[in-house]
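Undergrad: Listed below, chain by chain, are the residues.
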Amino acid sequence: MSITTTKADDRPRVDPEDQVMRVRGVTLRFGGLVGLSDVALDLHRGEILAVIGPNGAGKTSLFNSLTGMYVPQEGSIVLRDRAGGEHSLKGRKPHLVNRLGVARTFQNIRLFGALTALENVKIAAETRQKAGPVSIMLGLPNARREDRESDRRALELLHFVGLDGLLNELAASLSYGQQRSLEIARALATDPQVLLLDEPAAGTNPTEKLDLEVLIRRINRELGISVLLIEHDMRLVMSVADRVTVLNFGKVIASGSPAEVQRNPEVVAAYLGAEMAAEMVAASDAEAADGSDGTVPAQRDGEEQR
Amino acid sequence: MSTTTKERDLAPTGSALARLRTKRWYQQPMFGRLVGTVAAAVLLDVMSGPQGSREDVFFSLDKTLGSLRVVWWIIGAVALWAILEFAKPLYNRYLAASVGPLERFHAPVTGPVKGLIAQTRTTSANLRRILWVRIGFSAVVIGLLILLPNVLSTFWNQVLVNEVAIYVLLAIGLNVVIGWAGLLDLGFIAFFAIGAYSTAYWTGAMPVEPPFTLNAFLVIPVAVGTCLLAGLLLGAPTLRLRGDYLAIVTLGFHEIIYLIAKNADGFTNGPRGVQGISNFGVHIGVLDYDWELDPVPYWYLLIGIATILIIAFLRLEHSRVGRAWTAIREDEVAASATGVPTVKFKLMAFAIGASTSGIAGVVYASKARFISPESFLLLFSVLVVAYVIFGGMGSLWGVIIGTAFLAWLPQYMKDWVNPNDRFMYLGALLIVMMIYRPQGLIPSVRRKRELSMAKAGLGDADAMSEPAGGRMT
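Protein chains in written order, with my numbering: chain A, 1 to 306; chain B, 1 to 473.
Read the hints as simulated data drawn from the structure, not as lab findings.
Owing to the predicted nature of the structure, the values given are computational and were not obtained by experimental measurement.
Yeah, the Cβ is synthetic: ideal placement off N, Cα and C, and Gly gets one too.
Among the hints, erroneous ones may be present.
No farther apart than 27 Å at their CA atoms in a straight line, the calculated lysine-lysine pairs in the DSSO-like style are these [stated by the list, open to error]:
#1 A:Lys90 to A:Lys251
#2 A:Lys93 to A:Lys251
#3 B:Lys88 to B:Lys414
#4 B:Lys344 to A:Lys130
#5 B:Lys344 to B:Lys448
#6 B:Lys63 to B:Lys414
#7 B:Lys448 to A:Lys93
#8 B:Lys448 to A:Lys90
#9 A:Lys93 to A:Lys130
Here are some chain B residues pointing at chain A (derived, C-beta under 8 Å) [as the list claims (entries may be wrong)]:
#10 Ala327
#11 Val333
#12 Met348
Chain B with its partners taken away, still in its complex shape (with noise of 0.2 Å):
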């Protein structure tokens, strides 16, 4: 029995260990989320105060840290935690008896869907109330949507469209990606500049004529087919990269195609980008029109599309295809074995991602009428994978929403903040955000199982955390 006094000697005694596992107040994971709260705050502070000076090496520490304005910024970080640390115990304490429960207000997005009816879609009464429920709601959405570059200047519907719109369209194609078939794709803008340059060929403004030039609608089209393309030749093979590495080989083919705009000077016009692209028109019999200089006709056109694609997407989610890809993404093996082709249904998320992308080329080029490759940074990339996890990966309203929201910041905070510094504030909030609300404004279902389960500790909240060889049994 000489292992086991040895194991006496070497094991902490009963209170010792005891003391081991009891956390001290400071311990706890809300003053983590303190302190990383007022560091942030302590960092924007320095970060957004006056440039330094040659003359006195400590001018911008001085004028940020020394004076008040950095009490202001640490009592905002402190308000902003203990806002998001104790409003839900506060009020289910106080105000949730005469209220009703908090999760009155959400919708009931968790449990599943109780009863059979729902889930084999016998057509009842019931459930065709719901469908037109679904449908007026949807339509009042759209006919609001509609009306609002009325009640906007200008430049905000400048906005609405270079920005909102055209951010939402890529981000509904990233979700795909990311969102459903788990798989980081950090080169999205690739596609989005495979789909310009598409444009620009097809309506004759590269230095290389087309064999015969199309209307731009027709590159539509033409342009989901090269990307298609695109999308097959990088996916088919590095699909069997996993995670961090898959994301890399996107990376790299983001900037592949990046200095191809740049430097093939004779096929792209090189930095100097291509100029005169022409616009959206309809011309058959009695319909003529040109979308030209005035955005609110591009917003129109793209909320078709939008609505078009979120239609065709929200049926894939619930289909064979979009299940796949959540099996998938929970269990790679376990589909394989289940008989889930798992290359052939990442290609496919991949495509379709690329497409998607593809088009938002197309209307971006189409509408700015000129395009060079700084349009196509690999920042944008990075935003729009931003954007698709502060909306919720894997959730197209989510994502639509929080896409929209964060394009639209920027832009608003222009006018109260220093400008150079708007991506900053932006990151901060997303920093906070992956800190309290790591599953997304508007998180999915099934996303959010996955990450309760992960907390749980049973089993990866995403296939990217796999190892790069994969999981055995």
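Isolated chain A (complex conformation) (with noise of 0.2 Å):
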């Protein structure tokens, strides 16, 4: 895959009106212990939306209820299409809030191991079409155009994840990275309008890091799709999303631009403890004016995790 540097400016122009999916008030208790509470987000189409937190703070909660996974038992949660109709999503079964277009990855990989990448991507492009089981037991001339079809579109997505060269290989022999971003063409031969990648960054080394940005951003660009991303690795978050959420506790502490979140004494105190928050914020003030760009807390968050 080549690395083209894309400059901030190319970003298509985000309508802040136009939202792809309008999450409000959603809570989620398992039992006694609430693990999402009165959470809303407004995720723009075409916009880059990064959703951190502490770990346990819900973040994968969030992601599970946004895919059927789980059901919140209060709030709502909306998607709306490219011609202004809004689909409910929440307690929708997840291959059906699949079908509506919110494709996601899982932050512990979950391929089909032992089938190759190209069989992975194929069962997700498949989904969508309509050859029945009898047309292809008498192998009916549309099961063979659709499996065609199907071939055709899985080797486009592995070429845009730059998995060309591996596609016969079992996804269980791949290495992280490249099974990270066949999960990640897997989730894409879907043709969502909304990708949620569950920490794509996690347990990839800096080199695969520098690429996945760049596949984020042109997952984003080039095939128009909204992302919304969780994930610990600031130094990515800061530099691929538009705006940031901050989960702590299963609320929403902060949300705007990276450069506003980064400072918001919240949100300092949610990752470093209170003490060090008033401190943290005069540091990185400091900073600021001496030009930097203030990555003090991705730091220490790097240790933290794990």
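Now that you have both chains on their own, put them together as the hints suggest.
TA: Right under this line is the structure:
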């Protein structure tokens, strides 16, 4: 994959009125434990929104609620298609949520390990096809045509994520970074409007992180897909995200541009503990005055995880 | 630093830990297998020995364990163990150099297909050649199978039709459910019974008169439809269950069908069974033929049906449906997040399996001309599952060959062991098989990978082993 550095100005204009996903008052309880409490979130069409927060803040619970794996007790999750039609996602079965155009990847990679890379992507591409078992068993032309189509589509996407040479390798035998890319390709094969990436950079090396950064931008720009991103790597978040939402203890504590959020004392407190917060804010202010971009919390976070 | 000292007190020291970790020679798995094999042999010895006697409590044990018999059994078990354990390393050490590596004799089943051409199915000359070789090979095999009855006695021709062919048909169907979709179905013979009773009903042999009678051939689509419906009716509410739970439900379904057949006297004629089911026959224009007592024409008919089903199922395996089944089997949560409607595909597998079982039921009823509830015992359901697992779940050829072998074996053993003990030997064979080759006779490529991945701790071998509520991220 060729690494093309894109300038920040290339970003398409995001219309804040055109929300592709609108989350309001989502509350999720596991018995007495509150996983999410009154979470509100807007994903504008064509933007990259990062969701950050300390471990256990409810980020993955939020993703599971958005994709139908958990059913939140309260609140609404609405997906708006390009024509402006609104679809409620709450309580919908995961495969139906996917059909509406919300695809996701998993924090702990969940590929079909005994299948090849190509087959993994084909499965996703084929979920939109219509040929039934009877026409497949009879070998009717429409079944054959659809099979060729899914082949083509899968090859295209494997090329897009840079796995051309590995299409016949078993998914389980790929390297960690390649598995991440393959999972993204599989998610893309379902033609989503919204792509949910759950810690795509976890466990990848610095080169793979750079590739990933480029890939996320390309997904956003070339394919026009809105991206919702959970990530711990602050450098990646700050460089790729248009906006950042911070979760802590299941609540949204801050939301805004990366720079704004970074400066928010509540966010710093959530990451570092209240005592150090004031100190850190002062320090980052001083650094900002020096002209550097102030990535101190990012480094701290890197130490914190696992 | 009080915690660390505490830990040091409690934790074993370095050398003790090393001692704990090293395995004694007898703790190695191969000796576990030896113990298992010998135990099975001793058990077989006791069970196949003479019956007990009222006069002498220890008569049976004395005759089995107290005689030279048991020694032979143990020697046999140790020999079997030694062959299975040491044949491969010895071959590799002494013969591999001159004869070539062992892998040479295997079909290249491991490892993915290399090259873009094979996967994208671009019609290249090479690919076409492979296709023709395959067609030629299949034609030769079918030709040999057609000629097979000529070299066998009538008894073996009966076995070929009643046992081997019918069970192979059943196993092909169950392979879809267990092998591909990963659903444990312990009530597969229920659909067989539905197919058989449909034949009895539509040919007018049941106490209840049908609106019009059908030729046995025309019953096939009707039975397929009935079984499809029964499969959907059973599957729709139960396929949300997984693994063990589904197995129990299907077990219950089998019992329900069996008890209906047994107790609905007015409809099924109860335990007396149904007699005089009409045979297959073709009466179109100049074609005028009836299948009668001779088993050979049924053999040809079954070869035809099986060939059609095999072609259809092979297509299914390598299509979006087959891939979706694999996805569901491997990781149901990921599959549904990828947009695979899991319940729909499971239902599809269930219904396809059920209708195959129905076809087998039609042929069986029409061949035997007599069916009773005793033809549909739970034992047969369990046997088909065992055959499929023995052959290699998910591998169509493995399932066919394994089932043919296991259906033939009890008949063959009839002459040289006590006929009542036959299934015991079958059980012993299955145990040895599961110890040494859990993937089955000819394992499917995908299943084999899954099994080796599960060994390496990279996931479950099966959707069957998932917890009831499923796994969440």
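Undergrad: List in ascending order the numbers of the hints, as given earlier, that are violated by the structure.
TA: 3, 7 and 8
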